[in-house]
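There are 2 protein chains.
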Amino acid sequence: MSSSRGVRKLEVVSPVPADIDIANSVEPFHISEIAKDLNLSPNHYDLYGKYKAKVLLSVLDELESSDNGYYVVVGGITPTPLGEGKSTTTVGLCQALGAYLDRKVVTCLRQPSQGPTFGIKGGAAGGGYSQVIPMDEFNLHLTGDIHAITAANNLLAAAIDTRIFHESTQSDKALFNRLCPPNKEGKRKFSDIMFRRLKKLGITKTQPEDLTPEEVKKFARLDIDPNSITWRRVMDVNDRFLRKITVGQGPEEKGMVRETGFDISVASEIMAVLALTTSLADMRERLGKMVIGNSKAGEPITADDLGVGGALTVLMKDAINPTLMQTLEGTPVLVHAGPFANIAHGNSSIVADKIALKLVGPQGFVVTEAGFGADIGTEKFMNIKCRYSDLRPQCAVIVATIRALKMHGGGPEVVAGKPLDHAYLNENVLLVEAGCVNLARHIINTKAYGVNVVVAVNKFSTDTEAEMNAVMNAAMAAGAFNAVICTHHAHGGKGAVDLGVAVQRACASGNQQLKYLYPLDISIKEKIEAIAKSYGASGVEYTEQAEKQIEMYTKQGFSGLPICMAKTQYSFSHNAAEKGAPGGFILPIRDVRASIGAGFIYPLVGTMSTMPGLPTRPCFYEIDLDTATGKVIGLS
Amino acid sequence: MSSSRGVRKLEVVSPVPADIDIANSVEPFHISEIAKDLNLSPNHYDLYGKYKAKVLLSVLDELESSDNGYYVVVGGITPTPLGEGKSTTTVGLCQALGAYLDRKVVTCLRQPSQGPTFGIKGGAAGGGYSQVIPMDEFNLHLTGDIHAITAANNLLAAAIDTRIFHESTQSDKALFNRLCPPNKEGKRKFSDIMFRRLKKLGITKTQPEDLTPEEVKKFARLDIDPNSITWRRVMDVNDRFLRKITVGQGPEEKGMVRETGFDISVASEIMAVLALTTSLADMRERLGKMVIGNSKAGEPITADDLGVGGALTVLMKDAINPTLMQTLEGTPVLVHAGPFANIAHGNSSIVADKIALKLVGPQGFVVTEAGFGADIGTEKFMNIKCRYSDLRPQCAVIVATIRALKMHGGGPEVVAGKPLDHAYLNENVLLVEAGCVNLARHIINTKAYGVNVVVAVNKFSTDTEAEMNAVMNAAMAAGAFNAVICTHHAHGGKGAVDLGVAVQRACASGNQQLKYLYPLDISIKEKIEAIAKSYGASGVEYTEQAEKQIEMYTKQGFSGLPICMAKTQYSFSHNAAEKGAPGGFILPIRDVRASIGAGFIYPLVGTMSTMPGLPTRPCFYEIDLDTATGKVIGLS
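As they're listed, the protein sequences go chains A and B. Residue numbering for the first sequence follows this note's numbering, beginning at 8 and increasing consecutively. Residue numbering for the second sequence follows this note's numbering, beginning at 8 and increasing consecutively.
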């Protein structure tokens, strides 16, 4: 059943069928219909098949003078390993606003990594009656952005090793002559990108012939310290055997072996750049200034020093355009970027949010999800993403489940793949009440940014009214603007109408300034400590390695960047087993790294896996193509 | 200027500007216009932006009863390292047929590898006034097919190492129980793909519980011999440091290290499968039966044994649809697949050719290019591609240049990047005449397939009339149907009108049967020897390793496959320095490998590089994005 605006309301079935069956039961609208609802003219998007379109950045120029809609960020309490339905709630809320409350709305979601789809976890398009469709296209390839990131990341990696190799076999003069070869008229010239390095070196000469031998050496010899290289190769596949490898063992590489490894593609700094950039010109600069390691003298070496910043931008030129898709109820979705939520900031892209805010216009809503719990996702949304975008949300949603709250209240461990303890399947109000300390701290922290906080209780069929009342009372006591029960997984947008109404009221009721947790112009350590305090820590301790890195980044002039903590999502603290709202602990910083192009310093609190593996029986055993219909089967 | 059919004729400038400047000087037609000219309805293609569309395989079902057009294959004489303009001639011929001779025509081209675009070679979209546009989209990403191949190839690679790892740490029973876990009702079942392995093992039972312990072991333990693994990882980047690597050095991999390496993506067997498949169902089977190595008992292990054939097909489901683009003069082009021309067969896809033949219909023309010289490209086109497609060409074009013929006649070595010797820039009819032995052998070999041979002399500005007459005389003496001069590089389609007329006549003048060089049901060695004879060899010699491999493949039941010689393109013989038409040599077979899914055995005549490198100053130094216009600059 379609309304005049093209959206549809779902007929739901109980019990809720499998995600793929729900997704396949709905014939998506042609994406040009979705675009039309947003007043997007065909010259503002490129179709990618019938159900996806890339929205072109040019729409931002055209709508520059239009007003933004309301901006809503969805975070969550500290989750169980099963996830508490943050994406599903994000989608359900938008289905409610668009299909039931007749508001213009755009959902902004991260693009999921393709690798894990074939491993354990399955897809990431929401679930039940709150999903993005077609779910196979959402989970696989999409419009090629992650493939572009893989290609760009690995071109830079190849450029690093090859440069070291060529520098090792050539004199300064030979190297320089190869870098600036004579043209047909016998004249040498610098290519445009070389002027970036010349400028960095303080050389203002414009003719290769004019450089002194010392300048030739400084210019041509990057002198990269192989031990300092932080740039790794990437692949969008769960390939654990690439975590640590030795490269360069072929005979032509003359013994120049080096230990390195692969990360999964979404862990690439280029993904973080894509998520944080604001324009093509800005992306060009960020890609060019990505630091891959140091020279032996300790100077940071960038992609532009290697001459490859322009080529990386060319590879990423289409990836900067967000992909338009739709929910089950025909509301528009912009899928764009999917950076890690630990070593990166875990939020979808600034450009998608900016475009969406213009497209929905005043009184419209843009709902964007922040990865992990609010201690990480929302914190980084505010202090990193909003700092670079200059946008501010009016409302923050915090998704909670009775299951996770019981865990925080002292319930038994929740383990993926194992049956839930009976504590989670039967009423236990005391456990819930005890667990609300976790929710309360997330509310208080989030409210401190100056936004209205709405708590969304994502209801499961086993949850009781008494349990839910306990959560609502605790939420209001902690300062929430509102707290509501949602059943969007079972009922689609209809199940999130109360949430939609609460979010509307929260947005309309104030126009607060965004108060950052820390200013940028304090030291790296002071920034780390401000964030640690928000976790409940009483202090921070640094390893020698972390101290050394902080000193180096400060010396290199990078201390003014925001901080992106790489911490477990399963606790406010560094210890995943500490549930609830731990306090008084000392947060240990093992190491400190930087994504200079993306624009943040990331302290490592513990060890982060950046390359997942495959289990004995990966998901792919179920996945196949029905070759008669062309439909994907077995994707979950 | 557009004709009624939507094609345009070019206004040309002399001297010929840079390729990118010509490409950027023409505003392409919207690809839906090109599709309309081919009577493709919008439900038969998916747009990918404004200038690319994927033509859906469903069009083949719809047009099943239509007649095919003429089928023309373009090969070349043995080339210099500079290339003799085979792609350019293919495009120019089509521009002549479509824009000047008013015939329905489709050009079928290979998708170029993206990696080399940033290395030395630049793009592959033709040149001068005979190009495919937009050339940046042609050379980069296109519609993601190579990225899909990379993802699928590497998922299979990850599945191999992970399976060996999990088998090494688990008992037969634990392994089996993990592969067939109990569902919610506690019941174990086989997934569909497991029945393929059960069938291979001759086990007809359908319930996991019914297997004997010995059957459990046979089923669950692939027992892959790590030393037998031929499946390598791939990347579409020139990364020489990945040629030989050691994987598995992370602590979690418990010392299970292994030496392996990366090839460039187009060297993946999956690319060869894409090029040779005829339908979704056929692709599913080919991907599933790809052999990755042997069990310790010597049994071939396939992708389906690993449970991943279905997932590979899902990753490749859009890649099977060819991409529609256009030439500078607005004639349609199908770009699809780009397998290596040595370790694979070097031809664009069967499905693109099949679709094109239906779309142009009777009296229309499909012109498809075969990689390398005709000794390799055309031979494989006939004996591998046409054997699987059941199509046969009416005409074969052989592209020759005065430059290459002079080289074959004894001219000095031609080296890329070095100035040409004066012999190549001044008239020397004797050198040309002497070199025509190379052309003559290609004509004789090609004619033996039962097709009419048209020689196209790709004229350079320094070539003289006497030189060209020498070639035409030699061509006719060797049995060519016709020989004509072309200037499509300088003049677009107008410069290839004579060639177009000759090709039309050649196609109309006969309806020959295709005579293969060898039948499939003789031994591997007899097939190798038949091909070697066509090179001029008087015999073949095999290393011990080659003998061993031939014996193994024969024992495994693969001796009925066609042969795909991996030989240098720079000579008829194995020695690149032997120009002209060498004879009486013994062809050495160093090793023999197989692409069982793609469907061929490939003997290695010498060493083939499957991963290019980057020079000291790669092309990427010139490549950048004009961020104001979004245009790519510096791509060559």
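FYI, nobody ran anything at the bench for these hints, they're computed from the structure. Treat the hints loosely; a few may be bogus.
[As the list claims (entries may be wrong)] Listed below are the simulated DSSO-like cross-link pairs for lysine-lysine, each with C-alpha atoms no more than 30 Å apart in a straight line: (1) 540(B) with 638(A); (2) 251(B) with 261(A); (3) 191(A) with 425(B); (4) 638(B) with 191(A); (5) 16(B) with 638(A); (6) 261(B) with 196(A); (7) 296(B) with 206(A); (8) 194(A) with 638(B); (9) 303(B) with 261(B); (10) 261(A) with 194(A); (11) 296(B) with 638(A); (12) 206(B) with 638(A); (13) 57(B) with 43(A); (14) 425(B) with 194(A); (15) 251(A) with 180(A); (16) 638(B) with 251(A).
[Stated by the list, open to error] Quick list of the computed label-pair ranges, beta carbon to beta carbon: (17) 88(B) with 563(A): 42 to 50 Å; (18) 303(A) with 88(B): 33 to 41 Å; (19) 34(A) with 189(B): 32 to 40 Å; (20) 174(B) with 550(A): 53 to 61 Å; (21) 188(A) with 88(B): 42 to 50 Å; (22) 214(B) with 39(A): 47 to 55 Å; (23) 221(B) with 432(A): 39 to 47 Å.
Ideal Cβ placement from N, Cα and C applies to all residues, glycine included.
Here's how the hints hold up against the structure:
1. For the proposed pair residue 540(B) and residue 638(A), the alpha carbon gap of about 47 Å is over 30 Å, so the pair is violated.
2. This hinted pair checks out: residue 251(B) and residue 261(A) have alpha carbons roughly 12 Å apart, not beyond 30 Å.
3. Between residue 191(A) and residue 425(B), the direct Cα distance comes to roughly 11 Å. Compliance with the 30 Å bound is thereby established for this hinted pair.
4. The straight-line distance between the Cα atoms of residue 638(B) and residue 191(A) is roughly 26 Å, inside the 30 Å bound, and the hint therefore holds.
5. Restraint check for residue 16(B) and residue 638(A): not satisfied, since their Cα atoms lie roughly 42 Å apart, outside the 30 Å limit.
6. This hinted pair does not check out: residue 261(B) and residue 196(A) have alpha carbons roughly 52 Å apart, beyond 30 Å.
7. Distance hint between residue 296(B) and residue 206(A) is unfulfilled; the C-alpha atoms sit about 56 Å from each other, more than 30 Å.
8. Annotation: proposed proximity of residue 194(A) to residue 638(B) holds, straight-line Cα distance about 27 Å (limit 30 Å).
9. Among the hinted pairs, residue 303(B) with residue 261(B) is consistent with the structure: their alpha-carbon atoms are about 21 Å apart, no more than 30 Å.
10. Under the criterion of a C-alpha separation no larger than 30 Å, the hint pairing residue 261(A) with residue 194(A) is inconsistent with the structure, at around 33 Å.
11. Under the criterion of a C-alpha separation no larger than 30 Å, the hint pairing residue 296(B) with residue 638(A) is consistent with the structure, at around 21 Å.
12. With a CA separation close to 25 Å, the supplied pair residue 206(B) and residue 638(A) stays within the 30 Å bound.
13. For the hint linking residue 57(B) to residue 43(A), the alpha-carbon distance of about 18 Å falls within 30 Å, and the restraint holds.
14. Taking the CA atoms of residue 425(B) and residue 194(A), the gap is near 16 Å; set against the 30 Å cutoff, the hint holds.
15. Note on residue 251(A) and residue 180(A): the hinted pairing is violated, with a Cα-Cα distance of about 36 Å set against a maximum of 30 Å.
16. Between residue 638(B) and residue 251(A) the CA atoms are separated by roughly 38 Å; this puts the pair beyond 30 Å, and the hint is violated.
17. Restraint check, residue 88(B) to residue 563(A): a C-beta distance of roughly 45 Å satisfies the suggested window 42 to 50 Å.
18. Checked against the hint of 33 to 41 Å, the C-beta distance between residue 303(A) and residue 88(B) comes to roughly 38 Å, which is consistent with it.
19. For residue 34(A) and residue 189(B), the hinted distance range of 32 to 40 Å is satisfied, since their beta carbons lie about 36 Å from each other.
20. For the hinted restraint 53 to 61 Å between residue 174(B) and residue 550(A), the CB-CB distance of approximately 38 Å leaves it violated.
21. In this structure the hint that residue 188(A) and residue 88(B) lie 42 to 50 Å apart at CB is violated, the actual value being about 18 Å.
22. A hinted range of 47 to 55 Å holds for the C-beta pair residue 214(B) and residue 39(A), which are about 49 Å apart.
23. A hinted range of 39 to 47 Å for the beta carbons of residue 221(B) and residue 432(A) is consistent with their spacing of about 41 Å.
Hint compliance for this structure: hints 1, 5, 6, 7, 10, 15, 16, 20, 21 are broken, all remaining hints hold.
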